[in-house]
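Numbers in the numbering used here are just positions in the sequence shown, counted from 1, shifted up by 20.
Hints are computed from structural coordinates only; laboratory data are not their basis. Certain hints may be false.
Label-pair ranges, simulated between beta-carbon atoms [what the hints assert, rightly or not]:
| # | residue 1 | residue 2 | range |
| --- | --- | --- | --- |
| 1 | 161 | 131 | 17 to 25 Å |
| 2 | 135 | 155 | 16 to 24 Å |
| 3 | 142 | 122 | 26 to 34 Å |
| 4 | 158 | 90 | 16 to 24 Å |
| 5 | 152 | 85 | 25 to 33 Å |
| 6 | 161 | 113 | 38 to 46 Å |
Simulated crosslink set (DMTMM-like; lysine to aspartate or glutamate; CA at most 20 Å straight-line) [what the hints assert, rightly or not]:
| # | residue 1 | residue 2 |
| --- | --- | --- |
| 7 | 164 | 65 |
| 8 | 164 | 63 |
| 9 | 164 | 64 |
This one's a predicted model, so the numbers in the text were calculated from it and none came from an experiment. For each residue, glycine too, the CB sits at the ideal point set by N, CA and C.
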Amino acid sequence: MTSTSTASGPELLEERSIGGILVHLLGLLTGFLGPAIVYAVSDDEYTRTNARHALNWHVTVLALMIVSFVTFFLGADELTVGGEQTELSLLPAPLDTVFAIAGVLLLIVFMLAILLTFVYAVVATLKAVFGSIWTYPGAIDVVKRYR
Numbered sequence: 021m022t023s024t025s026t027a028s029g030p031e032l033l034e035e036r037s038i039g040g041i042l043v044h045l046l047g048l049l050t051g052f053l054g055p056a057i058v059y060a061v062s063d064d065e066y067t068r069t070n071a072r073h074a075l076n077w078h079v080t081v082l083a084l085m086i087v088s089f090v091t092f093f094l095g096a097d098e099l100t101v102g103g104e105q106t107e108l109s110l111l112p113a114p115l116d117t118v119f120a121i122a123g124v125l126l127l128i129v130f131m132l133a134i135l136l137t138f139v140y141a142v143v144a145t146l147k148a149v150f151g152s153i154w155t156y157p158g159a160i161d162v163v164k165r166y167r
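Could you put together the complete structure from these sequences and hints?
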């Protein structure tokens, strides 16, 4: 018994674009710049939506990086340069310790975000291949606010 089906499956590039699929992997190589450029130049709504989600994640990670490094270095009270220790404290004694501890915790969260970037890019790419748009968990929707 043979089955003949007249209904054809969806064509890959009619429902979703290759740019919408690859923008997540491009974000791994270029950070926020690749998805930002794709978002700016694309006409396809599927590509722009995927690029927006990737861009939001990479901007969130960049902001986390800046905040964690600034907080950590504000809490640093001495610096070793050429084997010599130099006092670097910009904050009073109890406050620099609080900033140092918060900075270390933020740096750990930043390292976790770097790891999640690889995982999220693979998941988002696979979701895009199968036609769904995936929102990165934890990403701040920066692009939608300033659109």
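Taking the hints in turn, this is what the structure says about them:
1. Taking the beta carbon of each, residue 161 and residue 131 are about 24 Å apart, inside 17 to 25 Å as hinted.
2. At roughly 19 Å, the beta carbons of residue 135 and residue 155 sit within the given window of 16 to 24 Å.
3. As the Cβ distance of residue 142 to residue 122 is approximately 31 Å, the hint placing it in 26 to 34 Å holds.
4. For the pair residue 158 and residue 90, the beta carbons lie near 20 Å from each other, so the given range of 16 to 24 Å is met.
5. In this structure, residue 152 and residue 85 meet the distance hint of 25 to 33 Å, their C-beta atoms being roughly 29 Å apart.
6. A hinted range of 38 to 46 Å for the beta carbons of residue 161 and residue 113 is consistent with their spacing of about 40 Å.
7. Taking the CA atoms of residue 164 and residue 65, the gap is near 14 Å; set against the 20 Å cutoff, the hint holds.
8. Distance restraint check for residue 164 and residue 63: the Cα-Cα separation of roughly 16 Å lies within the 20 Å cut-off, and the hinted pair is therefore satisfied.
9. Proximity of residue 164 to residue 64 is assessed by CA-CA distance (about 17 Å); at most 20 Å being required, the pair is judged to hold.
In this structure, every one of the numbered hints holds.
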